[in-house]
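Q: Following UniProt numbering, the numbering of the sequence shown begins with 1 at its first residue and continues without gaps.
It should be emphasised that the hints constitute simulated quantities derived from the structure, not laboratory data.
Think of the CB as a built atom: it goes at the ideal place given N, C-alpha and C, for glycine as much as any other residue.
It is possible that part of the hints are untrue.
Straight-line C-alpha distance at most 35 Å; calculated DSBU-like pairs for lysine-lysine [stated by the list, open to error]:
#1 K17 x K65
#2 K65 x K15
#3 K15 x K31
#4 K17 x K31
Label-pair restraints from in silico Cβ distances [what the hints assert, rightly or not]:
#5 R105 x R54: 15 to 21 Å
#6 E55 x E80: 36 to 42 Å
#7 D46 x E80: 19 to 25 Å
#8 K31 x P61: 33 to 39 Å
#9 N81 x R110: 42 to 48 Å
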Amino acid sequence: MARVLLSRPDTPYGKRKFQGQESRSTEWIGKFNTRVQTLLSYSHGDMGERQNLRETLHFEPDAQKFWVEMFNAVEGLMAENGAFENEREFANRYGEHVARLSALRQRGQRAHLRCASSVRSGTS
1 MARVLLSRPD TPYGKRKFQG QESRSTEWIG KFNTRVQTLL SYSHGDMGER
51 QNLRETLHFE PDAQKFWVEM FNAVEGLMAE NGAFENEREF ANRYGEHVAR
101 LSALRQRGQR AHLRCASSVR SGTS
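Sequences are here, hints too, so could you generate the full structure?
A: Spelled out as structure tokens, the structure:
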């Protein structure tokens with residue numbers, strides 16, 4: 001035990017509540033984006049065109065309300081003695097996973113609708 005450092009720092013898990021967008025420091029964003037651009041420049045495709053084609057997806061109001069309620073419920077369950085106390089690393093990302101899966105589903109539905117529309121109209 002001579003080389004063991006026991007530590008259990010206080011955690012914000014179980015105490016946070018979603019309250020909307022936060023203002024965050026952007027000090028390192030430029031450096032990070034430049035590095036990412038450099039790495040991505042090794043791949044195929046026009047980065048400028050890729051940016052122009054990017055879409056931002058938003059929850060509808062009812063879905064947003066449900067997401068916030070679920071986020072807050074899961075957050076509360078990560079508190080000490082909560083149902084997710086020992087699953088914090090998974091539960092902490094739950095809201096993000098739900099949002100990403102929702103975006104993928106929405107993209108898939110849009111693609112399916114475009115494809116079905118082009119089949120009906122005889123275009124491709």
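Q: Does each hint fit the structure? Answer for all of them.
A: Status of the hints after comparison with the structure:
Between K17 and K65 the alpha-carbon distance is near 13 Å, which keeps this suggested pair within the 35 Å criterion. For the suggested pair K65 and K15, the alpha carbons sit about 19 Å apart, so the restraint of at most 35 Å is met. For the hint linking K15 to K31, the alpha-carbon distance of about 32 Å falls within 35 Å, and the restraint holds. Between K17 and K31 the alpha-carbon distance is near 30 Å, which keeps this suggested pair within the 35 Å criterion.
Separated by about 18 Å at the C-beta atoms, R105 and R54 satisfy the suggested range of 15 to 21 Å. The beta-carbon spacing between E55 and E80, approximately 40 Å, falls within the hinted interval of 36 to 42 Å. Between D46 and E80 the Cβ separation comes to about 51 Å, which falls outside the hinted range of 19 to 25 Å. About 37 Å separates the C-beta atoms of K31 and P61, a value consistent with the hinted range of 33 to 39 Å.
Between N81 and R110, the C-beta spacing of about 43 Å keeps the proposed range 42 to 48 Å intact.
When the structure is compared with the earlier hints, a violation turns up for hint 7 alone.
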